[in-house]
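Using the sequences provided together with the hints, build the complete structure.
Protein chains in written order, with our numbering: chain S, 1 to 241; chain D, 1 to 320.
The reader is advised that the hints may include incorrect statements.
[As the list claims (entries may be wrong)] Only pairs whose alpha carbons sit at most 30 Å apart, straight line, appear in this in silico DSS-like list of lysine-lysine:
1) D:Lys8 x S:Lys118
2) S:Lys8 x S:Lys216
3) D:Lys8 x S:Lys114
These aren't lab readings, by the way, just hints derived from the structure by calculation.
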Amino acid sequence: MMPLLTTKGLSRNFGGLRAVDNVDFALMPGEIRAVIGPNGAGKTTFVSLISGRIQPSSGMIVFDGADITNLPAYARVRLGVAYTFQITSVFANLSAYDNVALPVQRTLTDGRSKDAVKAGVMAALERTGLADRAHMPAGQLSYGHQRLLEVAMGLALKPRLLILDEPTQGLADSEIDNFITLVREIAKSATVLLIEHNMPVVMQLADRITVFNAGKILAEGTPEQIRENAEVQEAYLGTAP
Amino acid sequence: MSEASPAKAYALHLGVIALLFVLSFLLPEYYHGLLARIMVLAVFAMGYNMLFGYVGLLSLGHAMFFAAGLYGAGLAVIQLGWSVPAAFAAGLACGAVLALVIGVLALRTTGVAFMIVTMMFAQVFYLLILYFAAWTGGDQGMVVPQPSRVLTFGATALDLTNPTVRYMTALGLFSLVLLVTLAIVRSRYGRVLVAIRENEERTKMLGYDTFSNKLIAVVISGTICAASGAAYALLFGYVGSSFASVQYSILPLLWVLLGGAATTLGALIGTLFMYYVIDITSGFTSAYLLIVGVALILLVLFFPKGILGSIRQRWLGWLP
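This is the structure in structure tokens:
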């Protein structure tokens, strides 16, 4: 099977700092991949390179067989690479409905009917459990609901690859359980790339885990393999086991 | 922006248009003429609001789009002897082309740099008008001769210098632009513009090419302002370089801020308010600009979102 996404020798320097250092990475269609690593390991920079929010210093990104290294971010979104932000950045002054209508109306190809937008928006809001809050300004939603709205916007793009940057940050435990169910459901129709600090979430969700450290891939494997990996333990705990 | 209450919004706008229509028969002569002028300038403000209010781009150079329409239409009549409709179309075309060129160049910047770049381009435009005085009349300006300001439909001729015809033509243009603006801001495109204003980076990550969307908005805005300028030349018969000066870039900003940025009717209310405050205060004292200044400061202090913006925030959330 051909990978959905590959990077070859991907690097990004910020001044003298190599935030992402020569990374070769492959992601299979349909998998849930978690990216973990200590703070400053380059995880967010790495997914920002994939989504096109920042340009690589060198290297290549291939999505579904096509070289997307030089495509602007919006064009990558249109190919099916969706990114949800680490820091919640919903449109606070727009209603939840309008927030989701933005991605929905762009993906509609069948015409200009208002009903189609409405149906698409309500479907995405219902999947995330926000349907009854459709007309509240997004800024007045609780933090957890804003995170869910962010996911609803990502979903509404009908992505083939959904990048979730620390989606459970700031969520209550009860909300996290619902979130895990939601991601499992999303994974039926899309590949999921997940940056996450919450280890129980990672262990429950991920098919495979990639560990970053100092801009490089330190290890990659199934949750069990990563749990047993001595180098990973050292990176996280700072001591040899 | 929400999909709710379209009927209310359209009813309100049609009501305002009907009120302006009725006022034509009630107002004394002086205010009749003043209101016609205000409606034409409110079109200028609506064009400005399109970009400033909805996309969040603060331009300090919109006088050039107004002047492009003014001179485009005026020169077409005076130098080329074109008919009124053809001259109006020429004014629109000048504004649209200028907006496209300026948009491509100026949209490479944002924020303060965008303000400075648009202001510089407008100054260049102003100086060009003075430089080509042989055609433009320089700082003296030009008068559009009365006989050429007649709109003919077959056998009927409408004299645009007749006060009632002038008022109704101004109202016609105002109504058209008001309804077009309302339709745009309620459309999906309007939703994208507001999204760009709120968070451009996020809008890109929803798959929107924000540069193209902003460029289209600049062209729409510039064309509406040019329509106002062209109508001004044809209805009031004067084409002058002062309309291209920096003052006429600041005025629409003030009108829109007063009336309420990102409100469709704010442009009219702001223009009306400013004109009447100047009109009333200048009757009492020669220091009327002082009073205007105090009124502006009080408004900004107590109604920072403008008259209509504050009303929307406090009472009528459905206002478009």
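Each hint tested on the structure:
1. D:Lys8 x S:Lys118: Between Lys8 of chain D and Lys118 of chain S the Cα gap is close to 20 Å, so the pair holds against 30 Å.
2. S:Lys8 x S:Lys216: holds, 12 Å
3. D:Lys8 x S:Lys114: holds, 18 Å
Violated hints are absent here; each numbered hint is respected by the structure.
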